[in-house]
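Enquirer: Sequence:
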Amino acid sequence: MNPDIKVILFDLGKTLMFSRFPWPEIFSRADIALFNILEASGFSSVPQFTPDEFQVCLNNYYDQRNIDLVELSASFVLRDFLTSKGYVNVPNPVIRQALDAMYAITQSNWFIEEDTIPTLKELIKRGFRLGLISNAADDRDVQQLVDRLDLRPHFEFILTSAACGRRKPHPLIFKNALTYFSVEPRQAAMVGDTLMADISGAENLGIYSIWLTRHVQLPPDGDLPVQPQAVISTLKELLPLLEEIRTDQ
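My numbering puts the first residue of the sequence shown at 1, with every later residue one more than the last.
Simulated from the structure, these hints should not be mistaken for laboratory data. Please read these numbers as outputs of a predicted model, since none were measured by experiment. Any given hint could be a false lead.
Said to hold, decoys possible - Pair by pair, the computed Cβ-Cβ distance ranges are:
id, residue 1, residue 2, range
1, P240, V56, 43 to 51 Å
2, D52, L172, 50 to 58 Å
3, K6, Q217, 15 to 23 Å
4, R152, N36, 26 to 34 Å
5, D223, E39, 47 to 55 Å
6, T83, G165, 14 to 22 Å
7, L224, N66, 31 to 39 Å
8, G165, R126, 29 to 37 Å
9, P220, F18, 40 to 48 Å
Where is the CB? At the ideal position from N, CA and C, for every residue including glycine.
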């Protein structure tokens with residue numbers, strides 16, 4: 001069945017925005033920022049722990065969530081980590097303040113792509129409705145990024161895996177978007193950089209999949225685990241692609 005695309009769903013990281021500096025140094029600074037808040041709140045003396053311990057805990061969580069597609073949230077992971085260190089019933093404001101300090105550092109490494117805003121504006125002008133679905137451990141982090149990068153005015157619908165409880169490619173996060181827009185899968189397209197999350201998730205539901213390869217290291221043999229229905233290297237190529245799809249109907 002030919003698509004009748006009315007809604008465009010976008011991924012966020014490496015799709016609408018890019019990272020400029022190497023992540024290891026950024027993560028190290030973020031760990032220290034989180035640690036400083038915990039230390040100031042009296043949660044780092046007995047037993048002693050170091051700034052990088054929570055990052056190790058986060059990385060273990062990241063590995064697990066990619067298997068079961070369950071997003072428990074960074075807040076859950078931090079509280080569990082502190083409990084393992086003997087700190088139970090840590091006040092929610094302390095958890096939030098520590099995570100905010102950590103994400104303030106990582107947010108500083110995200111920058112809007114040059115063609116993002118012009119493309120979004122033109123899509124809206126042409127009558128498309130836009131949604132954003134992002135895999136992320138912290139909803140507040142994404143919402144702050146959306147505002148800082150001036151993306152919110154262009155999207156009717158924004159949903160993170162932290163808010164949904166399930167990560168792409170789990171069907172729930174896609175179905176929530178389809179339900180909001182009251183459209184069938186064939187009336188939506190998904191634009192993202194990750195084959196196994198964005199493309200596979202869309203394909204499994206019958207959503208038109210568009211793979212953005214700008215920040216993707218393509219396999220030399222061209223052998224892909226998932227076959228997208230379309231491939232673009234920049235967002236500027238999205239508009240001609242959609243026009244071609246409409247013409248072919």
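Enquirer: Each of the hints needs a verdict: does it hold here or not?
Expert: Okay, the hints, checked on the actual structure:
1. P240 x V56: 43 to 51 Å: holds (45 Å)
2. D52 x L172: 50 to 58 Å: Violated - the Cβ-Cβ distance for D52 and L172, about 33 Å, lies outside 50 to 58 Å.
3. K6 x Q217: 15 to 23 Å: violated (33 Å)
4. R152 x N36: 26 to 34 Å: Given about 30 Å between the Cβ atoms, the range holds.
5. D223 x E39: 47 to 55 Å: Holds, at about 49 Å.
6. T83 x G165: 14 to 22 Å: holds (21 Å)
7. L224 x N66: 31 to 39 Å: violated (18 Å)
8. G165 x R126: 29 to 37 Å: holds (33 Å)
9. P220 x F18: 40 to 48 Å: Since the Cβ atoms of P220 and F18 sit about 23 Å apart, the hinted range of 40 to 48 Å is violated.
Consistency with the previously given hints fails for numbers 2, 3, 7, 9, ordered from lowest to highest.
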